[in-house]
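S.K.: In order, the protein sequence lines correspond to chains C and A.
So the first sequence is numbered by this note's numbering: it starts at 1 and just counts up by one.
So the second sequence is numbered by this note's numbering: it starts at 397 and just counts up by one.
No wet-lab data here; the hints were simulated from the structure.
Mixed in with the good hints there might be a few duds.
Unchecked claim - Residues of chain A clear of chain C, computed beta-carbon distances all greater than 12 Å:
no. : residue
1   : 512
2   : 545
3   : 692
4   : 694
5   : 793
To be verified - Calculated cross-link-like contacts (lysine-lysine; reagent style DSSO-like; alpha-carbon spacing at most 30 Å):
no. : chain 1 : residue 1 : chain 2 : residue 2
6   : A       : 462       : A       : 450
7   : A       : 601       : C       : 378
8   : A       : 790       : C       : 150
Where a beta carbon is used, it is the ideal one built from N, C-alpha and C, also for glycine.
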Amino acid sequence: MLKRRIAVLALIGVTIVAVAGFLVWRQPTTQNAILSRLDVSALSQRVASDPTSSRAQYWYGKRLAEAGNLPQAEAALRTSLGLQPDDLVALGELGKVLFAETKTEEAFQVLRMTVGRDPNAVEPRTMLAALYQAQGATQRAMDELNVVLKQDAHNVSALYQLGACQATVQQYGNAEATFRLALHEAPNDVRTLVGMSRVLRAMRRLEEAEAMARKAIQLDPENVDGLTALAQVLAMSRPLDKNRDEALGLLRHARAIDANRIDIPRTAAEILTAAGRWREAVSELREVIRIAPDSTQAYFLLARAYRQLGQLVESQRAEAIFRTCSAYDHRVNALRDQIAADMDSAQLRFALAEVHAKAGFPERAIVALRSGLERDPKNVQAQKRLAAILKQVSQP
Amino acid sequence: MIRLPRLFIAPLLGLVALVGAGCGRDRQSPPVSVPASTPQLLPWNVQFRDVASKLGIHYALGHGGKTPLTILETAPGGCAFVDLDQDGWQDMILVGPPKCAVYRNDHGQRFEDVTSQMGLQLQGPWMGCTVGDYNGDGYPDVLLTGYRRTALLKNDGGRRLLDVTRGSGVESSKWTTSAAFCDIDADGWLDLYVGAYVGYRIGHKDLCRVGAIESACGPEMYAGEVGRMYRNRGDGSFEDITHVSGLSRASGKTWGVAFADYDGDGRPDLYLANDQAPGNLFRNLGERRFEEQGVGSGTAYDAGGSVQGGMGVDWGDYDEDGRLDLFVTTYTYQVKELYRNEGKGLFQPVGLEAGLAGPTSSHVAFGTGFIDANNDGHLDLFIANGHVRDNMAKFDRSQSYQQPMQLLANRGDGTFEEVSPRAGDPFKQRIVGRGVAFGDYDNDGQVDVLVMDLEGRARLLHNEPVGERGNWVSFRLDDGRRNHEGIGARITLEASGRRQVREVTRGRSVLSASDCRAYFGIGRATVVDRITIRWPDGRTEERRHLAVNRSHTLRQGRGGQEASSRSIAASAQND
């Protein structure tokens, strides 16, 4: 009798434990912990066997993104959000993926939605700031980064990004202070060391700038940013002739690592034109134009170099292109400055779109029109213009 | 990718024939080779002392602590050294809002405020001034620039400045900045260029918000205005020839204006320093036509092809190769660019090589000029700095509204060294520097400096040699007909195996006009071996064996005979 009772109790206990275990396993946090340990292939099987699990879809998307498979990552994350639309973590992750995919407008929407719903979402806000910065809205980027830093004053990524923004608007004193805070948190953060070097160079504190760049390269000898930054410092440091040669050597090394970085031939061309080595400068400038055919500065330097070499026809050609590019740049920069001072203006964005469209940049025009329509969605003229440009780009 | 023109059929650069440039005109002079002799460097032995208050100058600008200021409020003012009554002593004009002032120079011992006596009762947002004897009566006249206004003031025998703007043809509704007189067509009458800035309207976009801070908007927030070129008809009026002359192609947003014959063809060319717009170098083709050569010459942008915030400008042969080089002051963290004239219409930006980038880049530089501060025969550089945002420190801890003046000594090897810390107390103070004029107010042979402080009193910096002083010589030219100051004439001086070149000008720096005398420091040389004057009409005259430490007045067509000379002893008696 006693044995029977014990057996029944044991059965009940096991059942309770099993049910409890099942219930615990069904808890999102537990499931999350388990899923987070799985790799891509395991997660692939999981989402195949349980396609309604939003967490499995989320982790699958996250792991795919980490593996660099951004389109599939985006799809998985969108599926996850379809199953659980209020999942702010998944929304933030989708924003990150869209950001990495350079789907700027969509990333903007998603990241803005994320930080709107969760003001404490540090990482999405940091990314939103990066998007603002990339669009030239540096002040807006700094505002977002300051919000991040109020929540997490030690966030190295946000500190670095804020310093970079401050440098962009030539607040070099502020940038130096911000980079110092970042280096206090992470003394060997290479990108911050490089950023600091650039700021100090702009402030003509060349010895300090050189030291920062050298430390960055010491930590990461293959860092192209560091090599270029050091070359730029040396190009300005006396004795100029000797340092210029070292700078050109560094740039050759950097080019061997990454042949498609525009700042490498551009820096080399600047050094060579300053030294009056016109033929070599022409070669570098052609390389700049190969990488970026609309590089205004390259045409200017090319016109000068050809003129110095007595090649007047080539010089005039380069100058004509320079004038075209320069006029476009001038109009775009003026409008961007105005937009930065009046962020809510739809009209300025529409005007910017027209400048882009007329210069033959429909993709840029689309971005500007969409951005304007976000602020003035009922503007029929802008809607028609956007439709026309979209039709234009869709045609082969 | 940007759409590019299908055909790049730019017209070949017109190689303007140097022959047939006009009867009596010089052909292009060959470049003067740099002498092989060792530069006669003197030890830096100059101190400047602010003597404004001591000499009775109490003019001041300021906003009484108002903040933030608008772009218009942070822009003025200008000044001029001008011998209004032709008594041989440089008087001065000080310009700014709300009013202008005239000070008469009493033999270098004292300045008397004669604003009322001269009838200069103009009030309003005045910016700067320039000086030129536009009517050829021997008395230099004045043009004031300002916000949506100009004023042409005829000098009535040194007794009064009469406002003759109405009907003169130079009325303007633009925001006018720097201006300069020069005889662009060699007819003997001084023509006029008036620079214009932006289309700012009071009450519209007064301030811009950057983050949480409101401050003056930058020039990019406003449409650029383009200056005007006026031909002097010779009857007291001017004709606007901006379009027909080709000067309507200017970038606009002009601060600095300076004429000089950079290519040595005998015709005055024009450089415009523009704020956040490409600089313009207009080559004078003759027949009152100009061709824009900013990009082609390499002077439109900085060394890397970036637009600069061009402010002040001056021409000077700093490297003694016989060609006039160009110096342009710029915005903060931009190289104050020195463009070395390499001949054939080409310039090379050498601010970095010349050692100017380090000491100057962190300032917003306005008034400037090449001066031989220590009379060693090498042109030094003076710069007045001051930010355009009065609350700049709120934006960036490394910046300030008030900034120090700077003096950079020419080492004689193509480089400059900052000597401000050794140049006297004025260089230890911080001001909001704007217009600067150069001249020798006490006729002691040392070039003095008049500086406008937007937030304080005007400074008169007296140049005081300490120990050995370099010898000097100065020239006041007169064509004997209409151009009584010889504006546009070129003087080549040879002494002790070295050659120096100056062009007679008043229009340099920014918003200001300098003494029209051409000053040469000659170091330890005790005689001027030869001077060659190329007059504005192209004729040349030569004089040999001139005494040093004297100011010579030379009139055209007298075989180089002196009209008069003033020795250092004369002024020394007044010391």
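S.K.: For each hint, tell me whether it holds in the structure or not.
M.R.: Going through the hints against the structure:
Residue placement check: residue 512 of chain A keeps its beta carbon more than 12 Å from all beta carbons of chain C (closest about 44 Å). No beta-carbon of chain C is positioned within 12 Å of the beta-carbon of residue 545 of chain A; the least distance is around 26 Å. Non-interface status of residue 692 of chain A relative to chain C is broken: a Cβ of that chain comes within 12 Å, the nearest being about 6 Å off. For residue 694 of chain A, the condition that its CB be more than 12 Å from all CB atoms of chain C is violated, with the nearest at approximately 5 Å.
The claim that residue 793 of chain A lies off the interface is violated: its Cβ sits roughly 4 Å from the closest Cβ of chain C, which falls inside the 12 Å cut-off. Straight-line distance between C-alpha atoms of residue 462 of chain A and residue 450 of chain A comes to about 29 Å, which keeps the hinted pair within the 30 Å bound. A distance of roughly 27 Å separates the Cα atoms of residue 601 of chain A and residue 378 of chain C; the hinted pair therefore holds under the 30 Å criterion. Distance hint between residue 790 of chain A and residue 150 of chain C is fulfilled; the C-alpha atoms sit about 19 Å from each other, no more than 30 Å.
When the structure is compared with the earlier hints, violations turn up for hints 3, 4 and 5 and for no others.
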